Structure formats: structure tokens, C-alpha cells
Amino acid sequence: MDEMDEIVQEFLVESHENLDQLDHDLVELEQDPASRALLSSIFRTIHTIKGTSGFLAFSQLESVTHVGESLLSRLRDGALQLTPDMTSALLAMVDTVRALLGDIERTGQEGSDDHSELIAVLTALQETAPTLQETDAEPSGPAAGTATGATAEETTAAAVTTSDRLLGELLVGQGAVSEDEVTLALAAQEVGDDRRIGEILVNVGDTTPEAVAQALDSQHEGRRSAADSTIRVDVDLLDTLMNLVGELVLTRNQIVQRAATRQDPDLLRTTHRLNLIAGELQEGVMRTRMQAIDTVWSKLPRVVRDLSVQLGKQVRVHMEGRDTELDKTILESVKDPLTHLVRNSVDHGIEAPDVRRAQGKPAEGTLTLRAFHEGGQVNIEICDDGAGIDPAKLRDRAVSRGLMSAEAAARLTEREALNLIFAPGFSTAEKVTNVSGRGVGMDVVKTNIEKIGGLVDVHSVLGAGTTIRVKIPLTLAIIPALVVSADGRRYAIPQVSLLELLRLDAAGGGPRVETIHGTPVYRLRGQLLPLVSLRQQLGLDDGAGDATYIAVLQADDRQFGLVVDDIRDTEEIVVKPLGGLLRHIDVYAGATIMGDGEVALILDTMALAQHAGVVSEASGRQETAEAAQTTSAERAHLLLTGLSDGRQVALPLDAVDRLEEIPADRVERIGGQEVVQYRGRVLPLVRLDAVYGAHGEESTGGDLLQVVVCGHEGALVGFVVRSILDIVDAELDVRSVLDSGGRLGSAVVSGSVTELVDVAHAVGALGDLLRAQARAVQDQQTGHLSSEHVAV
Amino acid sequence: MTRQFCTFRLDGHLFGVPVETVQEVLRHQSMTVVPLAPVEVSGLLNLRGQIVVTVDLRVRLDLPPREADTASVNVVVRTHDGTVSLLVDQIGDVLEPTQADFEPVPETVPASLREVVEQVCKLDGELMLVLDTERAVQPSVPVGAL
Numbered sequence: 001m002d003e004m005d006e007i008v009q010e011f012l013v014e015s016h017e018n019l020d021q022l023d024h025d026l027v028e029l030e031q032d033p034a035s036r037a038l039l040s041s042i043f044r045t046i047h048t049i050k051g052t053s054g055f056l057a058f059s060q061l062e063s064v065t066h067v068g069e070s071l072l073s074r075l076r077d078g079a080l081q082l083t084p085d086m087t088s089a090l091l092a093m094v095d096t097v098r099a100l101l102g103d104i105e106r107t108g109q110e111g112s113d114d115h116s117e118l119i120a121v122l123t124a125l126q127e128t129a130p131t132l133q134e135t136d137a138e139p140s141g142p143a144a145g146t147a148t149g150a151t152a153e154e155t156t157a158a159a160v161t162t163s164d165r166l167l168g169e170l171l172v173g174q175g176a177v178s179e180d181e182v183t184l185a186l187a188a189q190e191v192g193d194d195r196r197i198g199e200i201l202v203n204v205g206d207t208t209p210e211a212v213a214q215a216l217d218s219q220h221e222g223r224r225s226a227a228d229s230t231i232r233v234d235v236d237l238l239d240t241l242m243n244l245v246g247e248l249v250l251t252r253n254q255i256v257q258r259a260a261t262r263q264d265p266d267l268l269r270t271t272h273r274l275n276l277i278a279g280e281l282q283e284g285v286m287r288t289r290m291q292a293i294d295t296v297w298s299k300l301p302r303v304v305r306d307l308s309v310q311l312g313k314q315v316r317v318h319m320e321g322r323d324t325e326l327d328k329t330i331l332e333s334v335k336d337p338l339t340h341l342v343r344n345s346v347d348h349g350i351e352a353p354d355v356r357r358a359q360g361k362p363a364e365g366t367l368t369l370r371a372f373h374e375g376g377q378v379n380i381e382i383c384d385d386g387a388g389i390d391p392a393k394l395r396d397r398a399v400s401r402g403l404m405s406a407e408a409a410a411r412l413t414e415r416e417a418l419n420l421i422f423a424p425g426f427s428t429a430e431k432v433t434n435v436s437g438r439g440v441g442m443d444v445v446k447t448n449i450e451k452i453g454g455l456v457d458v459h460s461v462l463g464a465g466t467t468i469r470v471k472i473p474l475t476l477a478i479i480p481a482l483v484v485s486a487d488g489r490r491y492a493i494p495q496v497s498l499l500e501l502l503r504l505d506a507a508g509g510g511p512r513v514e515t516i517h518g519t520p521v522y523r524l525r526g527q528l529l530p531l532v533s534l535r536q537q538l539g540l541d542d543g544a545g546d547a548t549y550i551a552v553l554q555a556d557d558r559q560f561g562l563v564v565d566d567i568r569d570t571e572e573i574v575v576k577p578l579g580g581l582l583r584h585i586d587v588y589a590g591a592t593i594m595g596d597g598e599v600a601l602i603l604d605t606m607a608l609a610q611h612a613g614v615v616s617e618a619s620g621r622q623e624t625a626e627a628a629q630t631t632s633a634e635r636a637h638l639l640l641t642g643l644s645d646g647r648q649v650a651l652p653l654d655a656v657d658r659l660e661e662i663p664a665d666r667v668e669r670i671g672g673q674e675v676v677q678y679r680g681r682v683l684p685l686v687r688l689d690a691v692y693g694a695h696g697e698e699s700t701g702g703d704l705l706q707v708v709v710c711g712h713e714g715a716l717v718g719f720v721v722r723s724i725l726d727i728v729d730a731e732l733d734v735r736s737v738l739d740s741g742g743r744l745g746s747a748v749v750s751g752s753v754t755e756l757v758d759v760a761h762a763v764g765a766l767g768d769l770l771r772a773q774a775r776a777v778q779d780q781q782t783g784h785l786s787s788e789h790v791a792v
Numbered sequence: 001m002t003r004q005f006c007t008f009r010l011d012g013h014l015f016g017v018p019v020e021t022v023q024e025v026l027r028h029q030s031m032t033v034v035p036l037a038p039v040e041v042s043g044l045l046n047l048r049g050q051i052v053v054t055v056d057l058r059v060r061l062d063l064p065p066r067e068a069d070t071a072s073v074n075v076v077v078r079t080h081d082g083t084v085s086l087l088v089d090q091i092g093d094v095l096e097p098t099q100a101d102f103e104p105v106p107e108t109v110p111a112s113l114r115e116v117v118e119q120v121c122k123l124d125g126e127l128m129l130v131l132d133t134e135r136a137v138q139p140s141v142p143v144g145a146l
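Residue numbers (this note's numbering), protein chains in the order written: chain A, 1 to 792; chain B, 1 to 146.
These are calculated hints, taken from the structure and not from any lab test. Careful, some of the hints might be misleading.
[Claimed, not checked] Pair ranges (Cβ atoms, derived):
1. B/G92 x A/R503: 50 to 58 Å
2. B/E107 x A/V233: 55 to 63 Å
3. B/R3 x A/G488: 22 to 30 Å
4. B/E67 x A/R287: 51 to 59 Å
5. B/R114 x A/G488: 20 to 28 Å
6. A/L524 x B/R114: 37 to 45 Å
7. A/H16 x B/E107: 17 to 25 Å
8. B/R114 x A/E280: 37 to 45 Å
9. A/A260 x B/L26: 50 to 58 Å
[What the hints assert, rightly or not] Incomplete in silico selection of chain B near chain A, CB under 10 Å:
10. S30
11. M31
12. V33
13. V34
14. P35
15. L36
16. E40
17. V41
18. L44
19. L45
20. V53
21. D69
22. T70
23. G82
Since this is a predicted model, take the numbers as computed values, not measurements. C-beta: ideal position from N, C-alpha, C; glycine also.
Generate the whole structure from the sequences, applying the supplied hints.
Here it is as C-alpha cells:
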């Protein structure tokens with residue numbers, strides 16, 4: 001009986017694989033109903049399942065596949081034309097077969113479900129045959145007869161059912177026939193000659209039976225060798241191997257470190273070899289766990305098809321980079337998020353055909369899935385050419401859902417607003433369809449992707465489409481990391497979040513740490529980089545003056561500098577989970593064993609940033625609601641600047657892009673407007689002195705202009721001020737509106753009356769020049785997007 | 001049916017854990033301190049490539065801290081939550097007391113101790129406290145909460 005079980009097991013594994021292929025083929029067939037190659041492939045798959053289930057006495061499975069096969073054989077023979085109804089019925093059959101196989105896998109028996117309805121549907125579809133008038137589908141009927149015929153063929157010459165075109169190609173390759181002769185024979189088949197291609201060719205006298213037999217043999221050989229070169233391996237075994245390799249890598253690290261301290265050339269040589277072999281082994285074992293993303297993607301066309309039929313939309317799926325490989329465990333954990341994102345794009349992104357036509361788009365929407373490797377990470381993009389997302393709507397919804405105050409919402413950048421779709425409790429669907437109300441929100445998608453160290457980002461152009469970009473690591477088990485130290489202990493930072501390393505020059509002269517109300521910041525190329533002390537975050541004693549390095553890290557879309565005592569080395573580390581007692585400390589992503597055998601903790605960049613408050617409100621999740629309470633009390637981050645006559649003017653820090661010193665002689669003019677060339681764009685300058693009527697000694701600023709570069713809706717403006725004073729977190733309680741244009745009013749900040757600049761107003765006043773600049777920039781951005789769609 | 005207990009000492013008290021839960025006993029090991037961890041966690045241990053959390057039972061059971069320079073022993077136990085090492089003063093013998101000698105913990109025993117002690121076993125001239133290892137490796141509950 002064991003042997004029998006084994007056969008059943010094999011049958012199950014094989015059938016499951018075939019069914020996935022079937023889903024894919026059927027959806028593709030709908031696009032290209034005339035493809036004989038696809039039809040033959042589908043027919044073969046069903047036929048194989050039918051044959052084996054008959055042999056194993058799974059009668060239900062046999063009867064379901066039997067009617068499906070009959071329908072397919074008539075389609076293949078051209079007696080019927082594929083209709084969407086047929087595709088649906090065939091897909092339903094695939095589902096039924098899958099359910100039956102599932103029952104067999106669980107219980108060893110077929111379930112007791114009644115499938116007669118499906119059988120009836122499939123039978124009825126066969127009877128709509130235009131060329132045949134039979135009304136009964138009795139086994140003696142011609143419809144079933146076709147199927148029996150196919151079985152007979154199969155038993156007499158199994159290989160004959162392989163693709164006809166392929167046989168033709170083989171014969172051409174052998175030089176037995178010419179390409180034209182094969183085309184002729186195929187044409188004969190198409191007009192109703194139901195003989196096999198080999199038969200036709202032999203009968204016509206184009207070739208000999210021997211040549212056909214030889215071609216058939218080589219067809220067989222090709223298949224056999226493919227089967228021989230691969231074996232199925234239990235995933236558990238691979239996991240065990242992976243763990244062992246992880247251990248080996250750690251041991252190697254230890255030995256390499258020990259050997260380096262000893263003057264033993266033999267030992268060194270051996271260690272080098274060990275190093276190499278362990279490296280190769282690690283790579284090899286990792287490769288065994290790699291799977292093409294197609295294993296997940298292949299199910300998506302079916303998902304999209306079902307969904308679009310249900311929603312009355314037309315969607316075409318286009319895939320790029322299907323063979324992009326990534327670790328199986330990662331693949332499994334992105335499967336559900338990806339499916340959800342795709343469903344979401346079809347449901348919310350792509351519009352109904354009439355809406356699309358009204359907007360001058362093709363009725364059929366395109367969903368592009370793209371995967372590629374980049375810098376040790378896998379990028380997956382899901383692009384639709386649908387309606388896009390309106391950031392204003394998102395802001396409104398965030399406010400109406402009580403996720404944040406109106407002021408906070410208004411302050412969000414467009415990008416932050418778009419990322420609101422990932423906030424918990426946020427649904428943009430105008431009405432809840434049965435597709436969107438499935439309990440898995442976009443926040444879950446984000447959480448799941450972040451759980452495996454990935455990132456999600458969304459880009460959208462209103463009316464043109466949305467692109468969701470997912471970045472995930474190639475593998476989780478072994479990652480490159482930077483080892484730093486604080487208070488004499490070592491900590492590992494995953495290399496993926498590391499941007500650059502800076503050395504602090506304590507002796508002065510060079511760049512140094514400045515403080516704003518006790519909060520340390522660092523001027524990195526003119527931009528303020530918030531600093532986070534590792535010692536402080538870990539509650540270690542603050543060894544003053546010890547900090548010498550800054551590791552610039554990326555968390556979400558924010559950067560921050562982690563101040564550490566020392567930087568050691570980069571090392572491949574094996575991530576190990578922490579025990580239950582420590583799991584709740586989220587600043588650790590795990591622990592690893594260093595070369596000297598000691599344990600080092602792995603830092604979680606994201607959690608560090610959140611603890612230090614670096615990550616913005618929009619991505620701060622839970623804190624958002626509370627933060628909204630406080631921000632509504634008119635708290636604002638302001639950049640304080642001084643005018644020539646000593647007055648203070650404040651700019652909202654959110655709008656500030658960079659602080660620059662620009663030589664006065666670089667200022668040029670367009671009409672009456674002062675501009676400078678700045679990072680490849682024309683930056684208009686606004687002298688706040690002039691705006692506010694400050695008439696101090698304007699020229700004493702010297703040769704360098706202090707410019708605050710502000711961004712507003714994609715446009716950049718440079719505000720020229722006399723001096724940059726401070727960054728304050730002020731409560732704007734005293735407020736008067738003595739407006740003289742371009743300001744929000746004034747408030748008391750740091751003890752003196754300060755005028756607040758309304759960046760939007762100032763930008764508006766600049767008029768056409770700026771609008772032209774903004775357009776140019778937008779064109780650049782959308783240019784990127786539209787070229788993507790051209791590629792589709 | 002009798003059960004075997006691996007015994008150890010903590011501040012003079014005799015404790016026992018079922019012998020089948022004990023994986024191994026180690027001499028003092030160098031440990032990596034974990035900042036921000038609960039106080040009873042004294043660090044992480046590299047046990048042949050496996051990273052094991054060490055819980056100082058003295059701290060966990062609210063006993064006076066171990067004097068400096070006194071040796072400690074790691075009793076590595078298997079729990080539902082993985083392998084955990086318990087830091088104790090001294091390791092004792094494996095005992096096999098009879099079932100009749102066990103009694104529930106008296107109500108008057110401090111809550112911090114009662115929380116993690118399953119039973120008390122009356123040995124000749126001494127009491128053995130049977131430690132609930134699963135409980136002992138959970139974060140301690142504030143005394144007032146009991």
C-alpha cells in the first residue's frame with residue numbers, strides 16, 4: 001500500500017503544478033483563442049490528470065476531467081470557438097479539480113461533493129457546437145467519442161499528443177521535410193483533416209515513417225532529460241541545510257579571525273580555502289532556495305481575470321522580469337501582499353471601460369508587474385494606468401476619519417499624503433465592494449512587507465495611473481551588516497539601511513554637531529540631519545566626547561544620523577531571533593554571533609527612528625492620532641531667520657528643502673526677477689528684506705547670500721535672508737494678522753515678534769516663471785511614468 | 001511514580017526543576033548585556049551557535065543580589081519559548097523524592113516567590129521548592145498585581 005501512497009503523492013504534486021500552469025494557459029488562451037499550442041498544452045494537462053485518476057480509481061475526478069477534456073478536444077479540433085463562458089467553465093473545472101485533489105491529499109478519498117452541475121455546464125457547452133446536431137451526451141454520443149478517440153491515441157503512441165508544431169519543427173530540423181511542407185500539413189489540419197501531423201506528412205509522401213518515429217523519439221528524449229536533471233527536495237531539508245550553512249559561516253568567521261592572529265602559514269592557507277568553500281557553499285545553498293517570482297505571479301492573471309469579469313472591467317496583465325529570483329521564504333511572505341496590491345489596483349485603480357473611453361484611454365486597462373534586482377534587493381512594481389490617487393481626497397479622508405487634524409493633513413507633502421493609503425483604518429473606496437472589504441487592508445500589506453525588511457512606496461499621477469513599488473531583500477537568513485560599537489559593546493546594523501558614514505572631527509574646524517534646543521543636528525551638505533545617539537536610545541551612560549562617527553541611515557523615507565562610538569567592520573551575519581523575554585524590545589531585529597564567538601545585537605533601524613521621533617507623523621502610525629491632538633494647538637516647527645533691520649521672519653520648516661550659501665555674483669536676472677542656477681534648474685530668488693520693507697544695509701551680507709530653499713507643489717523658491725537664526729518648535733498662541741501680503745501673520749516666537757512667511761502665497765506671487773518651472777519638473781517626473789506605459 | 005529533579009541553590013534555598021526539562025549545566029559564561037531588557041535578563045549566551053537568553057533567578061525571584069566575585073552556574077532549560085539559561089548560585093544533586101512529600105506552596109510565602117514555585121517538597125531537614133520554569137522565563141508580574 002505504501003507504494004500506492006507514493007504514486008498518489010506523486011500524482012498530487014504533479015497535478016498541482018499542472019493546474020497552476022493551466023490557470024495561466026487558460027487566461028492566456030482567452031487573449032489568443034486560436035493558439036493551438038496553448039490548447040494542446042491545456043488538453044494534455046487535463047488528459048494526464050484524467051488518465052491517472054482513472055488508473056487510481058478516483059471516479060469523480062475522472063468524470064469532471066472527462067467532460068472538460070471533451071470540450072477541450074472539440075476546441076482544439078476547431079469544432080468550437082472559445083467563448084468567455086467556456087473559459088469560466090473551464091476555470092471552474094480547474095478549481096473543482098484542485099478541490100478534489102485537496103480532499104485526496106487530506107483524507108486520501110475524494111470528497112462527497114456533487115459536481116454534476118459543473119459536468120452539466122461543461123456538457124452543455126459542448127453541445128452548442130455549430131457543426132454537430134447531437135443533443136444527447138451519452139457515452140455512445142459523438143462528443144464523448146472524440147474523447148475516447150483521444151484516449152486511444154494516447155495509449156497507442158503517447159508521444160503523438162505532444163505539440164504538433166514541435167513535431168513539425170523537429171522534422172524540419174532533421175531535414176526530413178521543408179518548412180513549407182509542415183505549414184501545408186498544419187493548414188490541412190486546420191481545415192478539418194483530423195489526422196496527426198506525422199501521418200499527413202507521411203501520406204503526402206513528404207517524409208518517411210522512420211523519420212517521424214525518429215523525431216518522436218527525440219521528442220521523448222528531450223522530455224526525459226529534463227525530468228532527470230531535476231529532483232524534488234523537501235523544503236524542510238533545504239531549511240536545515242540553510243541553518244547548517246549559517247552555522248558554518250559563523251564558524252568560518254571565527255576561524256578566520258583566530259588564524260589571522262597566528263603566525264602559521266599552513267593554517268592561513270587552509271583558512272583561506274575554508275573561507276572560499278564556505279562562501280561558495282553558502283551561495284549554492286541559497287540558490288537552491290531561490291525561486292522565480294513567476295511562481296507567485298503565475299497565479300495573478302487568473303486573479304485579475306476573475307476580478308475584472310466580476311467588476312465589469314477589462315484588464316490586461318503585462319509582466320516583466322518573471323524570472324527574477326528570490327528566496328522561497330520571502331516569496332511566500334510577499335505572496336499575499338502582492339495579490340492584495342494587484343486586486344487593489346484592479347478594484348480601485350483601473351476604471352470601468354466607459355469611463356476610460358470617456359477620458360481618451362483604451363477601454364482595456366493595463367496592469368504591469370515588473371520585477372528586477374537592484375543593489376542586493378528585489379524591486380517589484382505594480383503599475384496600473386488607471387485613475388491615479390488624488391492626494392487631496394486622501395487628506396480629506398484622513399481628517400474625516402480622525403487620523404489627523406486638518407492642519408497636519410494640509411502640511412503633508414504629496415508623497416506623505418499618498419502614503420496615507422497604508423495608514424491603518426484608511427479605506428479610499430467610495431463604496432465598499434466585496435473585493436475591497438476582505439479584511440486585509442493596505443496597512444497589513446505594509447506591515448507584512450516591513451516584517452521581512454522590505455519597503456512599500458506609492459507614486460501616483462492623477463488620471464494617469466498609480467505605481468506601487470515594493471523593495472524586499474533577496475534573503476533573510478544571511479545579511480551583510482555594519483558592526484558599530486557603543487559603550488564598549490558591538491551592535492550590527494543591516495547594510496540595506498546604511499547610506500553613508502561620517503567621521504566627526506571633535507577638534508573643530510571641520511563640520512560638527514550643532515544643537516537646536518538641545519536636539520543635536522548635523523549639517524550634511526547644507527541639509528539638517530537629525531542625530532540620534534545610540535547610547536541614549538539604549539539607555540547607556542552618555543560618555544561625553546566619545547562619539548566619533550555618524551552612520552547615516554534610512555528609515556522609511558527619512559534619513560537620520562546614528563551617533564556611535566566607533567565603527568568596526570562589515571560582516572556577513574546570520575540573523576537569529578531573540579527569545580520571548582526580549583522579543584518586545586523592538587529596537588533589536590535579532591542577534592548574531594560574531595567572529596570571536598560573542599553575541600551581538602542587531603539594531604532595527606526603523607524602530608530606532610521611531611523611538612527617536614525621526615519618522616514623520618504620517619508613518620508614525622499609532623502616534624498619529626495623539627500627535628494630531630497636539631498639533632491642532634498650533635504647534636509648528638519654524639525656521640527663524642533674520643532680516644537686515646534685525647526683525648525676525650519665520651518659515652515653516654516643512655516647506656524648507658535646504659539651506660544654501662550662494663555667491664552674490666551668481667545671481668542672474670530674467671526680466672525683473674532675480675534667479676540663480678541651482679541643481680540644474682532655475683531658482684527664483686525672493687529677497688525677504690524687500691518683501692517686508694526692511695531697509696537695512698542690504699549689501700553688507702558680503703559676497704554670500706543666505707538662501708532658504710523652499711519647495712511648494714514641486715516648485716522651488718529661494719528666500720534670501722540676512723541670517724539663519726534657529727529652528728524652533730513654537731506654540732503660535734499670540735497671533736495677529738497685520739497683513740501686508742505674503743504672510744500668515746505674526747506671532748511671538750522666542751520672545752520676539754516674528755512674522756510668518758506664507759510660502760504658498762509667495763510662490764503664487766511669483767507667477768508664470770515658477771509655474772513654468774513646476775511644469776518642467778512635473779514633465780520630468782511624469783515623463784518617467786509615461787515611458788513606462790509606452791514600454792507596456 | 002516518582003519524578004527526578006535537578007536541584008540548585010539560590011540564596012540558601014534549595015530549588016528543583018524536573019530533570020527532563022534541563023538540557024545542560026554550564027559554568028560561568030561570558031555574556032552580552034542587552035540594554036533596555038527586563039532587569040532579570042542578565043544577557044545573551046552563545047551556546048554552540050544558538051543564542052540563549054540568561055535569566056538571573058535571584059533578580060527574578062526578588063532575592064538579594066549575588067555578592068560580587070561569587071561564582072554562578074547556568075542551568076540551561078527547555079521551555080515552550082525556546083531554550084533559556086537560568087543563572088543560579090550552585091548546582092545540587094539529582095533527587096527523586098516520593099510523591100507523598102509534595103505539598104502546595106503555603107499562602108504566606110511572598111507573592112513574588114509563589115508566582116513561580118509550583119510545589120514544595122519536604123526533604124529530610126530541608127524543603128525543595130519546585131520551580132515552574134515556564135513561569136520563571138516570563139517577564140515578572142508586578143507584586144501588586146497578584
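Verification of the hints:
1. B/G92 x A/R503: 50 to 58 Å: Between B/G92 and A/R503, where Cβ atoms are some 54 Å apart, the hint holds.
2. B/E107 x A/V233: 55 to 63 Å: Since B/E107 and A/V233 have Cβ atoms about 58 Å apart, the given range 55 to 63 Å holds.
3. B/R3 x A/G488: 22 to 30 Å: Given about 44 Å between the Cβ atoms, the range is violated.
4. B/E67 x A/R287: 51 to 59 Å: For A/R287 against B/E67, whose Cβ atoms are near 55 Å apart, the range 51 to 59 Å holds.
5. B/R114 x A/G488: 20 to 28 Å: Check failed, 39 Å falls outside 20 to 28 Å.
6. A/L524 x B/R114: 37 to 45 Å: 56 Å, violated
7. A/H16 x B/E107: 17 to 25 Å: 60 Å, violated
8. B/R114 x A/E280: 37 to 45 Å: 57 Å, violated
9. A/A260 x B/L26: 50 to 58 Å: This hint is violated: roughly 28 Å between Cβ atoms.
10. S30: This interface hint holds because 7 Å falls under the 10 Å limit.
11. M31: Holds, about 8 Å.
12. V33: 7 Å, holds
13. V34: 6 Å, holds
14. P35: 4 Å, holds
15. L36: 5 Å, holds
16. E40: 8 Å, holds
17. V41: 6 Å, holds
18. L44: 4 Å, holds
19. L45: At 7 Å from the nearest chain A Cβ, B/L45 passes the 10 Å test, so the hint holds.
20. V53: The hint holds - B/V53 has a Cβ within 10 Å of chain A, the shortest such distance being about 4 Å.
21. D69: Because about 21 Å separates B/D69 from the closest Cβ in chain A, which is outside the 10 Å limit, the hint is violated.
22. T70: 23 Å, violated
23. G82: 5 Å, holds
In summary, the numbered hints that this structure violates are 3, 5, 6, 7, 8, 9, 21, 22.
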